[in-house]
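Mind docking chain B on chain A? Use the hints.
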Amino acid sequence: MGTSSKALTVRYTKSAVIASAILVPCLALINPRLLAINGVGPSWVVLWLLPWSLAGGPLLGSFAGLCLGLLLDSISLYGATQIPALIVLGFWWGRLGKVSSATHNNLSLGLLAYMGSFCVGISLWLQFYLRHLQISFEIFHSWSFQTILSQSLITGLLSPIISFWLLLYFKNRRS
Amino acid sequence: MAGGPKLVGLRLHHLRKVLPFFFLVGCLFLVRWSKGAFFVDTYALITRPFWPGSSQREWLQYGDLVESQVMVDLLQADNNRLRRMLAIKSSSTPDLVSVPVIARKSNGWWQQLELGKGSVAGIQIGAAVMGPGGLLGIVESVTPSTARVRLLTAPGSRVGVWVNRAKHHGILLGIGTNRPQLTFLDKDPKVIAGDVVSTSPASTILPPNLPVGVIQSLDKKALPAPIASVQLLSAPEAIDWVQVQKR
Chain A
1 MGTSSKALTV RYTKSAVIAS AILVPCLALI NPRLLAINGV GPSWVVLWLL
51 PWSLAGGPLL GSFAGLCLGL LLDSISLYGA TQIPALIVLG FWWGRLGKVS
101 SATHNNLSLG LLAYMGSFCV GISLWLQFYL RHLQISFEIF HSWSFQTILS
151 QSLITGLLSP IISFWLLLYF KNRRS
Chain B
1 MAGGPKLVGL RLHHLRKVLP FFFLVGCLFL VRWSKGAFFV DTYALITRPF
51 WPGSSQREWL QYGDLVESQV MVDLLQADNN RLRRMLAIKS SSTPDLVSVP
101 VIARKSNGWW QQLELGKGSV AGIQIGAAVM GPGGLLGIVE SVTPSTARVR
151 LLTAPGSRVG VWVNRAKHHG ILLGIGTNRP QLTFLDKDPK VIAGDVVSTS
201 PASTILPPNL PVGVIQSLDK KALPAPIASV QLLSAPEAID WVQVQKR
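Keeping their order, the protein sequence lines are chains A and B.
Residue numbering for the first sequence follows this note's numbering, beginning at 1 and increasing consecutively.
Residue numbering for the second sequence follows this note's numbering, beginning at 1 and increasing consecutively.
If you are wondering where the hints come from, they were derived from the structure by calculation, not from laboratory data.
Just to be clear, a hint being listed does not mean it is correct.
[What the hints assert, rightly or not] So these bits of chain B aren't anywhere near chain A, every CB distance computed over 12 angstroms: (1) Arg-57; (2) Val-149; (3) Leu-151; (4) Trp-241.
[Unchecked claim] Derived Cβ-Cβ restraints for the label pairs, each shown as a range: (5) Val-196/B <-> Pro-32/A: 56 to 62 angstroms; (6) Leu-66/A <-> Leu-185/B: 24 to 30 angstroms; (7) Tyr-78/A <-> Leu-223/B: 27 to 33 angstroms; (8) Gln-216/B <-> Tyr-78/A: 24 to 30 angstroms; (9) Pro-100/B <-> Thr-81/A: 25 to 31 angstroms; (10) Asp-186/B <-> Leu-35/A: 41 to 47 angstroms; (11) Gly-116/B <-> Leu-111/A: 35 to 41 angstroms.
[Said to hold, decoys possible] Away from chain B, derived, C-beta distances all over 12 angstroms, residues of chain A: (12) Lys-14; (13) Gly-57; (14) Leu-158.
Note that beta-carbon positions come from the ideal geometry of N, C-alpha and C, so glycine has one too.
Excised from the complex, chain A in its bound form (with noise of 0.2 angstroms):
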C-alpha cells in the first residue's frame, strides 16, 4: 500500500514538472499585456529554469535549457536561438546551487533572473546584429537595448514571485 502510495506521489510530482515546463512555451504564447514593460513580457523560460537548475544542479540545468531552447525556437520566428544562451545559463545556475544555498533567497532570485535575461537579450542581439547588418545600425541598437532592459527588469521583478516558489516545490521534490 505503501510503495503504491509513494510511486503514485511520484508520478503525481513528474506530471507538475512536465506541465509546469509545458506552460513556459504557452506563457510566450499567450504573451500576458499585462506582464509587461514597453510591450515587451518577461522571459519566461528564465523564470523556470533558474529555480529547476538550483535545484536539480548543471547536467540537468543545461538538459532543461536545451529543451526549453527547442521549444521556443520552434514558436519563435527564424533568425535567432535562444538554445546556448540557456544551456550555459542552465549550466552556470546549477553548479550555483551546488555550490552554496546562499542563492536560494528572493533578493538573489531576483539578480539572477535579471542576469539571466540579460545574457540571453544579449545572445539574440548579437545574432540578429549580425545576420541584419545592412539595417541602420543606430535604430536597431536602440530598439534591441530597449527591448533587453525592459525584459530583464520585468523577469528580475516576478522571479522572487514565480521562480521562489518553483524552487520550493523542485527542492521538496527532490528531498
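Frame of chain A, contents of chain B only:
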C-alpha cells in the same frame, strides 16, 4: 373759408388711417436694408427646437459612406477590367481567407502573429496577410491548422514597395521598431514626408496597390541610397481577424 377746418380734419383723418401702412412699409424697408437680419434671427430663434439634430448628421454621413463604398466597388471593377485588358494580375481578392489571430507578439525580439488556420485552409508560405489598414506581414511557416506571420516591423522582414506619387520602388525593411525603414533603389527618389507607400501595382508576389504606410521622415544623405521611416497604417496589436491570400 368755412370749409377749411373741415377739410383739414378730413385730411388728418385719412392720414391717420394710412399712417400704419407707411409705418409698416418703413419697417419692411428697414428689414430689407438690414438683409432681413431681424426677421431671420427671429425665425432662427423660434425654429431652433426643430433644427436637424445629430441623428440627421449621422444619416448623412452614413449615406456618404455608402456612396463611397459603392464608388470604390465600381472603380475596383473598372480597374480589374482594365487590368485584364492589359494582362496584369488582378487586384480583386476573391482568393482571400479570413483567419483569427490566436497569439501575437508585436513588441520584443520576435514580432509575429499566430493564425488559427493553416495549410488545410489553403494558406502557404509567402502569402500576404492583410488587415484593416493594409498589409500586415508575410506568412513565414505553416502547419496544417496554424500559420506564423512575420510582421512588417520584425527584424528580417523585407518587402518590395512603391511610392505612387513619385513612381519609385523601394524595399521596406523591418528593424524592430514600430516604423520600418524604407530603402530606395534610386539615389534621388523625389519623395517627401506624407507620401503613401503601397505594394507595387505590377507586383505578382503580393496583391498590387495594397496600402502599407505613410512616409514620416526622410534621410536623403544616407548611403548608398536615401532611407525613409514609414508609419504603418495597420495596427497588429489590435487586430483579431486578418485576411490571408490563398495561393
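Here's how the hints hold up against the structure:
1. Arg-57: 36 angstroms, holds
2. Val-149: 9 angstroms, violated
3. Leu-151: 9 angstroms, violated
4. Trp-241: Fine: 18 angstroms to the nearest Cβ keeps Trp-241/B off the interface.
5. Val-196/B <-> Pro-32/A: 56 to 62 angstroms: 35 angstroms, violated
6. Leu-66/A <-> Leu-185/B: 24 to 30 angstroms: 43 angstroms, violated
7. Tyr-78/A <-> Leu-223/B: 27 to 33 angstroms: 29 angstroms, holds
8. Gln-216/B <-> Tyr-78/A: 24 to 30 angstroms: Holds: the Cβ-Cβ distance is about 28 angstroms, inside 24 to 30 angstroms.
9. Pro-100/B <-> Thr-81/A: 25 to 31 angstroms: 29 angstroms, holds
10. Asp-186/B <-> Leu-35/A: 41 to 47 angstroms: Holds - the Cβ-Cβ distance for Asp-186/B and Leu-35/A, about 46 angstroms, lies within 41 to 47 angstroms.
11. Gly-116/B <-> Leu-111/A: 35 to 41 angstroms: 40 angstroms, holds
12. Lys-14: Fine: 28 angstroms to the nearest Cβ keeps Lys-14/A off the interface.
13. Gly-57: 29 angstroms, holds
14. Leu-158: 16 angstroms, holds
Hint compliance for this structure: hints 2, 3, 5, 6 are broken, all remaining hints hold.
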